[in-house]
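As given, the protein sequences belong to chains Z and R, one line each in that order. So the first sequence is numbered by full-length UniProt numbering: it starts at 1 and just counts up by one. So the second sequence is numbered by full-length UniProt numbering: it starts at 1 and just counts up by one.
Don't take each hint at face value.
Put simply, identical chains are the same to the list, so a pair is met inside one copy or across any two.
Claimed, not checked - DSBU-like cross-link-like pairs, simulated, lysine-lysine; straight-line CA separation at most 35 Å:
1) 103 x 33
2) 103 x 35
3) 35 x 112
4) 24 x 103
5) 9 x 103
6) 9 x 196
7) 33 x 303
8) 325 x 215
9) 173 x 303
10) 41 x 103
11) 9 x 57
12) 325 x 112
By construction, these hints were calculated from the structure, which means they are not laboratory data. Keep in mind the model is a prediction, meaning the values are calculated, not measured.
Single-letter residue listing:
There are 2 protein chains.
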Amino acid sequence: MATIKDVAKHAGVSVATVSRYLNKKGYVSEEAKNKIEVSIKQLDYRPNDIARSLSTKRMQTIGLIVPDITNPFFPEIARAIEDTALLEGYTVVLCNSDEQVHKERHYIETLKQKYVAGFIIATNQLEREYYTGLNVPLVLLDRITDSQIPSVSSRNKNGAALGTEYLLSCGVKEIACISGPQDVVPAFERTQGFLKAVEGLDIKTHIVESQFHFKEAEKAAFELLSAHPGIDGIFAGSDIIAIGVQRAVHRLGLSVPNDIQIVGYDGISLGEMVTPSLTTVDQNIYQLGETAVKMLLNIIKGKSVDNEHVIIDPSLIVRDSTKEKSK
Amino acid sequence: MATIKDVAKHAGVSVATVSRYLNKKGYVSEEAKNKIEVSIKQLDYRPNDIARSLSTKRMQTIGLIVPDITNPFFPEIARAIEDTALLEGYTVVLCNSDEQVHKERHYIETLKQKYVAGFIIATNQLEREYYTGLNVPLVLLDRITDSQIPSVSSRNKNGAALGTEYLLSCGVKEIACISGPQDVVPAFERTQGFLKAVEGLDIKTHIVESQFHFKEAEKAAFELLSAHPGIDGIFAGSDIIAIGVQRAVHRLGLSVPNDIQIVGYDGISLGEMVTPSLTTVDQNIYQLGETAVKMLLNIIKGKSVDNEHVIIDPSLIVRDSTKEKSK
DNA sequence: CATCCATGTGTAACCGATTACACACGGAAG
DNA sequence: CTTCCGTGTGTAATCGGTTACACATGGATG
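Based on the provided sequences and hints, a complete structural model is requested.
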């Protein structure tokens with residue numbers, strides 16, 4: 001494979017000139033420019049990223065750290081991130097921390113070693129000191145927020161209120177919220193949204209906490225519904241939880257949406273696949289990922305102030321796990 | 001951050017000696033070894049992967065190319081691959097080709113540029129010339145096989161026969177196979193397995209082709225079942241297809257497994273989440289991924305012959321989308 | 001005693017880029 | 001006619017490693 005030297009020789013200029021041309025830095029005459037362009041074409045030259053990185057100490061790579069890749073929300077957002085990054089010439093390395101701090105650190109260290117340009121971090125364990133000490137651009141995505149570190153997230157409280165209100169508008173008389181773990185910020189915010197929506201209403205409400213895992217959610221819903229047969233509406237802290245709830249309802253011999261109506265949260269594509277399909281609060285996953293990448297690249301390129309916070313508005317998708325009152 | 005020179009100086013030896021120690025290549029005396037170890041600890045030295053790669057022309061990175069990351073099979077296998085690679089000190093870059101040849105090529109070129117150590121390729125478009133011309137270690141995973149290139153795959157024909165036979169043993173009288181696209185090798189093989197299982201039996205059979213997508217499968221199943229109300233058993237070419245079928249059955253006002261029994265193929269975790277949960281042929285996704293990595297690393301390290309083929313045996317998981325005859 | 005080989009180490013070239021610095025040229029300003 | 005500055009270019013150091021090669025030592029072999 002051709003190197004910059006070959007190009008320089010072929011074009012009859014020095015490597016410095018070629019490098020200047022490549023990076024659009026410094027002066028290069030029209031004449032030199034043309035000769036270099038021809039040589040690059042003829043030799044099918046492509047700059048060697050590794051060599052470049054050794055000088056610049058930066059790779060065109062961004063690290064994405066997610067807590068649980070088997071939760072379909074994350075592959076979906078990963079895809080958005082990858083797509084967007086690719087368009088900008090960046091490669092993304094996807095790392096699965098399994099919610100374990102040591103794994104997360106290991107990945108961060110390893111990738112720093114490889115000179116990643118920046119990180120997008122979608123995990124829980126916020127350790128500000130650690131992140132800021134990193135001295136690498138990063139943006140927090142979805143799960144944690146901190147005023148010191150740029151972030152993009154969903155307006156969870158409003159979204160949850162939106163979903164809960166819709167559920168109420170469908171005529172629900174006794175409502176439950178099966179939330180994600182309350183130490184995970186968005187899960188907490190969603191619970192707040194639920195509370196806001198039911199506040200002051202003369203209606204029985206329940207709140208139960210679960211992990212963002214299907215089986216646990218099913219168990220929690222099963223127990224809750226067994227204990228309170230009057231419940232006819234459930235707001236779930238995530239689509240995966242909602243799907244667990246569906247299954248619990250089914251096991252109890254009840255029907256969705258006739259006996260119990262369900263609203264989920266996330267807008268993952270899985271929601272369309274289950275039966276009945278899931279009414280849910282769509283947090284606009286693609287946009288979330290896209291925004292995170294753009295923000296990170298701005299920071300990398302020094303175009304952005306360091307503590308911007310973008311919050312994306314969710315919207316409601318009505319499907320078959322609820323039924324409108326008019327029907 | 002400390003460099004190899006700092007370590008050499010601190011330990012009172014030359015950089016060559018330190019490098020030899022690090023790579024366990026060539027002779028290093030006990031005494032030097034000890035001094036170097038101490039210095040590395042004290043300086044918290046870590047070799048710079050980029051610099052190393054510039055000389056060796058190889059990174060501790062492996063590229064994984066999948067055709068569709070929104071198909072849950074691939075995140076699951078990606079996870080296995082990542083886990084295994086990590087243990088060996090390799091990072092994996094996950095790339096989504098979207099079934100597009102040009103995207104796949106783009107990724108391969110980009111990653112070659114970055115000196116990946118090798119590729120694991122799980123896409124369709126087999127272009128032997130291109131791959132072999134690549135001159136980078138690679139193993140094909142799951143979707144394509146070629147005698148010239150090492151591969152790991154599932155014993156699809158047997159697995160499909162296994163699933164079909166089980167369906168028959170559950171008392172199915174008119175059976176259909178909704179397969180994946182027949183130009184995708186495993187999908188084709190599974191259809192063959194289905195045919196083998198029903199061969200010579202006095203039973204009505206149908207075969208319909210679908211993409212590996214939920215919606216299309218639902219549509220295909222809906223049409224098939226509408227046209228042939230006698231069908232009481234369906235073997236699906238993948239779990240995603242099976243889930244589409246479930247939904248079609250539901251839309252027709254029928255019940256799984258009472259009216260129609262379903263067997264899927266893959267063993268993705270989604271199969272446990274749907275209602276009713278899916279009886280399926282488990283292709284042992286984790287093992288598939290793990291094996292692919294180990295094989296690739298053997299090739300990279302020159303420990304392996306170049307055209308090994310591992311075929312992994314699938315097994316049946318019985319859940320609620322079928323009902324045993326005895327019941 | 002000469003030769004050979006295994007062991008151990010250091011020097012310096014090299015991987016393929018970036019970039020600081022020196023220098024040359026020509027027109028404008030004083 | 002100097003002086004200065006904007007353009008344009010090349011030389012060589014540098015990034016942090018790997019490794020070919022030269023060389024030293026000391027015991028075994030013939």
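How the hints compare with the structure:
For a Cα distance limit of 35 Å, the shortest separation of residue 103 from residue 33 across copies, 30 Å, qualifies, whereas the shortest one inside one copy, 47 Å, does not. For the homomeric pair residue 103 and residue 35, the shortest alpha-carbon distance between copies (30 Å) is at most 35 Å, but the shortest distance inside one copy (49 Å) is not. For the homomeric pair residue 35 and residue 112, the shortest alpha-carbon distance between copies (27 Å) is at most 35 Å, but the shortest distance inside one copy (37 Å) is not. In the homo-oligomer, the alpha carbons of residue 24 and residue 103 lie at most 35 Å apart only across protomers (27 Å), although the nearest pairing inside one protomer, at 39 Å, exceeds that limit.
Taking the closest pair of Cα atoms, residue 9 and residue 103 come within 35 Å of each other only across two copies (33 Å); inside a single copy the shortest separation is 47 Å, beyond that limit. Proximity of residue 9 and residue 196 under a CA criterion of 35 Å is satisfied in neither setting, with 70 Å inside one chain copy and 64 Å between copies. For the identical chains of this complex, residue 33 and residue 303 are intra-copy neighbours only, at 27 Å inside a copy versus 47 Å across copies, given an alpha-carbon limit of 35 Å. Proximity of residue 325 to residue 215 under the C-alpha cut-off of 35 Å is found in both arrangements, the shortest distances being 31 Å within a copy and 28 Å between copies.
In this homomeric assembly, residue 173 and residue 303 never come within 35 Å of each other (Cα to Cα): the closest approach is 51 Å inside a single copy and 67 Å across copies. For a Cα distance limit of 35 Å, the shortest separation of residue 41 from residue 103 across copies, 21 Å, qualifies, whereas the shortest one inside one copy, 44 Å, does not. In the homo-oligomer, the alpha carbons of residue 9 and residue 57 lie at most 35 Å apart both inside one protomer (27 Å) and across protomers (23 Å), since each shortest distance falls under that limit. When the C-alpha separation of residue 325 and residue 112 is checked against a cutoff of 35 Å, the pair qualifies neither within a copy, at 55 Å, nor between copies, at 58 Å.
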